[in-house]
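Engineer: Read off the chains here:
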Amino acid sequence: GAGVSQSPSNKVTEKGKDVELRCDPISGHTALYWYRQSLGQGLEFLIYFQGNSAPDKSGLPSDRFSAERTGGSVSTLTIQRTQQEDSAVYLCASSLITGGPGNTIYFGEGSWLTVV
Amino acid sequence: GEDVEQSLFLSVREGDSSVINCTYTDSSSTYLYWYKQEPGAGLQLLTYIFSNMDMKQDQRLTVLLNKKDKHLSLRIADTQTGDSAIYFCAEKSAGNTPLVFGKGTRLSVIA
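Chains as they are written, first to last, in the working numbering: chain W, 5 to 120; chain B, 90 to 200.
Derived pair list, reagent style BS3-like, types lysine-lysine, alpha-carbon separation capped at 25 Å:
1. B:125 <-> W:15
2. B:192 <-> W:61
3. W:61 <-> W:15
4. W:15 <-> B:192
5. B:145 <-> B:192
Derived CB-CB ranges, DEER-like:
6. B:143 <-> W:68: 37 to 47 Å
7. W:17 <-> B:146: 39 to 49 Å
8. B:166 <-> W:88: 35 to 45 Å
9. B:162 <-> W:45: 18 to 28 Å
10. W:56 <-> B:91: 24 to 34 Å
11. B:97 <-> W:62: 22 to 32 Å
12. B:143 <-> W:7: 28 to 38 Å
13. W:84 <-> B:164: 38 to 48 Å
14. B:146 <-> W:100: 24 to 34 Å
15. W:18 <-> B:141: 49 to 59 Å
16. B:91 <-> W:100: 18 to 28 Å
Here are some, though not all, of the chain B residues that point toward chain W, as calculated from beta-carbon distances under 10 Å:
17. 95
18. 122
19. 129
If you're looking for bench data, these hints aren't it; they were derived computationally from the structure. Backbone N, C-alpha and C fix where the C-beta goes; we use that ideal spot for every residue, glycine too.
Full structure from sequences and hints, please.
Structural biologist: Dropping the structure here:
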């Protein structure tokens, strides 16, 4: 697609429910990133994919968080048994590659998650 | 881990210049970036600078990099109300590593 597309754009869920957030990166981009932005906080790195593999999962806050990417394209971030502190904007980004000169990362508009 | 620091708020008058500052700790940074986030929107890449450069100019934007002090700044000339947003500094190390972002500087432009 023309840009990074995320869905849903807004999600309100009850505490304890599972949620799935979807990211469709720019066509041809091999690298895909998930970040979290909480109110008044910067961007917290969660996980990134190179193709379908995730070399760095160090940012996932707990084992309730998981992510997968299939076909080198769409990725889903799953949060199980949501807690109120999970409320944040979840931003997805993609880039052509992860290293090398001129690498530019493009962001989607985010999925706003509210846990009530 | 690596760290990127920014002041949280900046307020300027319309027509003045804005200077947003950033410091980082990673001495192996290869690229440094400035992103803009308008209310309710995602992050938009404004500009980036390679670590072997000390200045880059793009229309109203001037990026200055002091690699010795690990200090990056973004100057916006003739600041307009449409420039009101959060500005994020980010650095990229060599290899397959993600960007590390600062907490963002909220720029308010007073008419």
